Amino acid sequence: MIAAMLFAACATEQPPPPAKGLRVVEGKAFRLGPHLEFDFKGGTIIAYEDFQKPSTLEVHYDDGTVTQLSSVLLRVKGCPDLNTCIAVRYGPSGDIIVSRDGRPWLDSELWAIAKDEPHPVGPAFLGMSRSSPVATFQGCKEGKIYSSRSLPSLMSVLEGEKSANEGTPPASGGDSKSEHEVYVVGEVVSTRMPVCNWRHRIGLDKVIPAPKWTREAKLVPASEKTPQHLEVTNDKSVTIDWFADDTPFDRMTIKLPTGHSVSIAPRYGTSNCPDFSNCGEVAITTDGTTLIQQSLDGQPINKSRLWKVYNPLGGPATYAACAGGTYFSGRNRSEVEAALAGIDKKSSPQQDMVLDQASGAFVPADVTALSTPMCDWTERAKTYQKMIDAAKKAAKASADMSSGQH
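All residue numbers for the sequence shown refer to the numbering used here, where the first residue is 1 and numbers rise by one.
For the record, the hints were derived by calculation from the structure and aren't laboratory data. All values derive from a computational prediction rather than experimental measurement. We put the CB at the ideal spot given by N, CA and C, even for glycine. Do not rely on the hints blindly, as some may be mistaken.
[Claimed, not checked] Using 35 Å as the maximum straight-line C-alpha spacing, the simulated DSBU-like pairs for lysine-lysine come out as follows:
| # | residue 1 | residue 2 |
| --- | --- | --- |
| 1 | 308 | 382 |
| 2 | 382 | 206 |
| 3 | 386 | 144 |
| 4 | 225 | 255 |
[Stated by the list, open to error] Cβ pair distances, simulated, as ranges:
| # | residue 1 | residue 2 | range |
| --- | --- | --- | --- |
| 5 | 366 | 275 | 29 to 39 Å |
| 6 | 275 | 227 | 15 to 25 Å |
| 7 | 303 | 269 | 12 to 22 Å |
| 8 | 200 | 386 | 17 to 27 Å |
| 9 | 258 | 190 | 24 to 34 Å |
Take the sequences, apply the hints, and build the full model.
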């Protein structure tokens, strides 16, 4: 956690040296003991001792402004430490910033600001009011910060489904239409709020890296058109959107850095796909063209090693097999099955087979072979399960935060 990484709790033995980029400063007047400092462009973060307990960071800007960031550990479920906590108390007014993308506040790009605001009570001439919690949702996209009282409306802008308004958001308590408007409220480069991947923006990730799951996945709440889903990005800039609502898997969309995309969805309700565990048929949509993939070995698609791909509108079918790290594809089912049997050592290479140098497998002349780790079924099962577990974890974190923030 940030606490433990920035400064070890007071102890009799000599503390370990700080990470490169952190500076140990001896105690000064009115300060209890030494502290750690981290310099970034525009200011310095000061972290005081005993971060094992709910704590406060001070951000000292070069223009003399001082801002406090306080943990809300005691009020929030699922918030074990400052580095992984998804909420922080910010600024002199003590606003609570709550991550809504399942990532720690340090890495969040989507958040809610919870404030107690006065609302009229009784006749207007009495001037009476009662405070109640009001949440404003904000998020980053392409260097700008957007804001709305409605999370689905905000997500529609961030997902590119509609445009935001110019101008200033109306005060709370407006009509229902204004509550769903979305506004541009600032630039990421000029904000001092600890949001929009603040850890990376100020360079703190060089000394205190984000948790691994934070770098890989984020929860994307539902917009007005798109259901809630998990977004996973790998080190090759391939993004996978994993949709799972009432079932472990509803749809998966793979977005390539080239701009192309592939969507895979089980064909629930068909005879070959009664439920997720027994689904042997999926629809695959590539850049607007949909094909059907059907298991041929009696296994569900997520475990199948032999299947047929065809266009429901007609045309020739393609047969494919996947095993031992090699993907085979061809128009002739028997040839593809022969290649699969060879990789399984269940038959010797036939006379017309040639050794594919890239995959190390023997294949007929009309069958193509491709080496891919996704054809190691044990590893593929682990990958799917990690995505399902990450989706559940991110959803639970946001649910716990929403129920525990007030």
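Hints, one by one, checked against the model:
{"no.": "1", "hint": "308 / 382", "verdict": "24 Å, holds"}
{"no.": "2", "hint": "382 / 206", "verdict": "30 Å, holds"}
{"no.": "3", "hint": "386 / 144", "verdict": "32 Å, holds"}
{"no.": "4", "hint": "225 / 255", "verdict": "19 Å, holds"}
{"no.": "5", "hint": "366 / 275: 29 to 39 Å", "verdict": "36 Å, holds"}
{"no.": "6", "hint": "275 / 227: 15 to 25 Å", "verdict": "19 Å, holds"}
{"no.": "7", "hint": "303 / 269: 12 to 22 Å", "verdict": "21 Å, holds"}
{"no.": "8", "hint": "200 / 386: 17 to 27 Å", "verdict": "23 Å, holds"}
{"no.": "9", "hint": "258 / 190: 24 to 34 Å", "verdict": "33 Å, holds"}
In this structure, every one of the numbered hints holds.
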